[in-house]
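Chemist: Kindly generate the complete structure, drawing on both the sequences and the hints.
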Amino acid sequence: MNASVRSVLPVKIAPPTGSLPSREMPSAASMRMTVSKVNFFYGAKQTLFDISLGVAASKVTALIGPSGCGKSTLLRTFNRMDETVRHTRLEGDILLDGHDIHEQDVTQLRRRIGMVFQRPNPFPKSIFDNVAYGLRINGSKLALSDAVEKSLRHAALWDEVKDHLHKSAYELSGGQQQRLCIARALAVEPEVLLLDEPCSALDPISTAKIEELLVQLKDLCTIVIVTHNMQQAARVSDFTAFLLTGQLIEFSPTPYLFTTPSDPRTEAYITGRFG
Amino acid sequence: MNRRLRWRKFVSNFMLSMTGVCAFVAVSVLFFILGSLVYHGGTSINWNFFTKLPSPVGETGGGMANAIVGSAKLLLLATLFGVPIGFLGAVYLAEFSGSKVAFVVRYAADLLNGAPSIVIGIFAFSIAVHPFKHFSTLAGGFALGVMMVPITLRSTEQFLLDVPRTLREGAMALGASKWKTIATVIVPAAYRGILTAILLAFARVAGETAPLIFTALGNSYWSHGWNEPTASLPVMIWNYSISAYEDWHRQAWAAGLVLLILILVINIMARAILSRGISVPR
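Protein chains in written order, with numbering that gives the first Met the number 0: chain A, 0 to 274; chain B, 0 to 281.
Don't take every hint at face value.
Here are the simulated lysine-lysine pairs, DSSO-like style, with alpha carbons at most 27 Å apart [claimed, not checked]:
#1 B:99 to B:179
#2 A:149 to A:161
#3 B:177 to A:140
#4 A:166 to A:140
#5 A:44 to B:99
#6 B:177 to A:124
#7 A:149 to A:58
#8 A:140 to B:179
#9 A:208 to A:149
#10 A:208 to A:124
#11 B:179 to A:166
#12 A:124 to B:179
#13 A:124 to A:140
#14 B:179 to A:149
#15 A:58 to A:208
The hints are simulated quantities; they were obtained by calculation from the structure and are not laboratory data.
Modeler: Have a look at this one:
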């Protein structure tokens, strides 16, 4: 292991047992999503270049890279949120369980691929109504209060809010609000959960809670997380993709990427030489 | 202290006193108006004012019951006409239109907002009175409604645009269609601002006189239905205050006070609405 890497990463990375960590990627069959040759344009400016990667089912995949590298843009193409911004254009294919996401109804797609944003964005409604929102607009026949409790439990928030479900969501702390947003996304039982720097507005304790949560949520759904925090990627993810100026530099199992990066630019980034 | 410093101190004090005096003048004009309205109106107002019809010329007493009911009918019509157009137009501008269309509509709304109310009156006359050959409550409500459109439209649009983009994204990411996002998240997040805007538009047209002279005209008796001319408080004030009778002047003051209190109550309601409920933090 590179000595400089070890010195800047005060992180428990799954220790390479015996030999080097496996650099083997999962087979194509175990992929929940497949991204192939994606190019993305804001007006005339291209921000993603020929990106191809797979998102393994029931695993956490992290997208890392310096500000402006396109990691959030890439994430937003997964549930077609990029289409909410005018003057953008996407080339290439993104498949969910083998089907092109651009051929599906966008509202249906977004029910299957949930998203949590950089800053907590609860609706100006009660805690209960926030979590029930997705179920209500989808005309779900499930018993609302059971579903809300289940989602809040999955988001590790139930014990903190169960006695005041009808209070405004804005009375919660930032970290609680973000877990509420996770609960809100989980309520519609998505197959994939996208998280766009979910901890960047939170304190370390709230961050730790959310990281712990993500590892547990793997059983429930496939997770893709964008983060500028390398330690976070190392702690929570199984696979890590490193992006730089809109290009995918390296995509490997997380322990491998952080200990024996194959590209010198990856090593420069994770050792803190830039970004 | 040298001369330069003294001069600076003098200028500073002079400007400070000037701004203070101007602020005082501005407020005192308002208080003078309020004071004289309360003084004259308060001494003239009585129960008959609210329950009796205007008395014939030469007799004292009587009231403005027909004008109070007339004003209520006119404002109801104006709200039914102006608010839906202004509100839905604002939803289109804030959520759907391109920036060019929005610019043109906004500009037109601002022009309409600035148009003298007498011009709106003539417009309503040519559309809603002239073709039917008679003045009517409907025409008056239409004229006031036209005035409510731009105020409702512009402020509603602003309140919708103020809803953070993150909330829209949150709803859309849960699979809400654009219409559902608007109906279940954006409008609820902005509704207090919108309601306030509507109330203020209502208060604004409640005191309008010129558009009604051409449309609802006014009379001294009960107006039946919606197709007849009707009395209204502002027109009543106008007619009574230019008359030669002391008793009518007295009643005009009373009507002025009633209008003022109505507008004051609406303003207080608007403030109360704005300050309660769950608001979106900035």
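Chemist: Each hint should be assessed against the structure and marked as holding or not.
Modeler: So, going through the hints one by one against the coordinates:
no., hint, verdict
1, B:99 to B:179, "holds (25 Å)"
2, A:149 to A:161, "holds (11 Å)"
3, B:177 to A:140, "holds (22 Å)"
4, A:166 to A:140, "holds (24 Å)"
5, A:44 to B:99, "holds (23 Å)"
6, B:177 to A:124, "holds (19 Å)"
7, A:149 to A:58, "holds (21 Å)"
8, A:140 to B:179, "holds (18 Å)"
9, A:208 to A:149, "holds (18 Å)"
10, A:208 to A:124, "holds (24 Å)"
11, B:179 to A:166, "holds (23 Å)"
12, A:124 to B:179, "holds (15 Å)"
13, A:124 to A:140, "holds (21 Å)"
14, B:179 to A:149, "holds (25 Å)"
15, A:58 to A:208, "holds (18 Å)"
Going down the numbered hints, you'll see the structure goes against none, and every one checks out.
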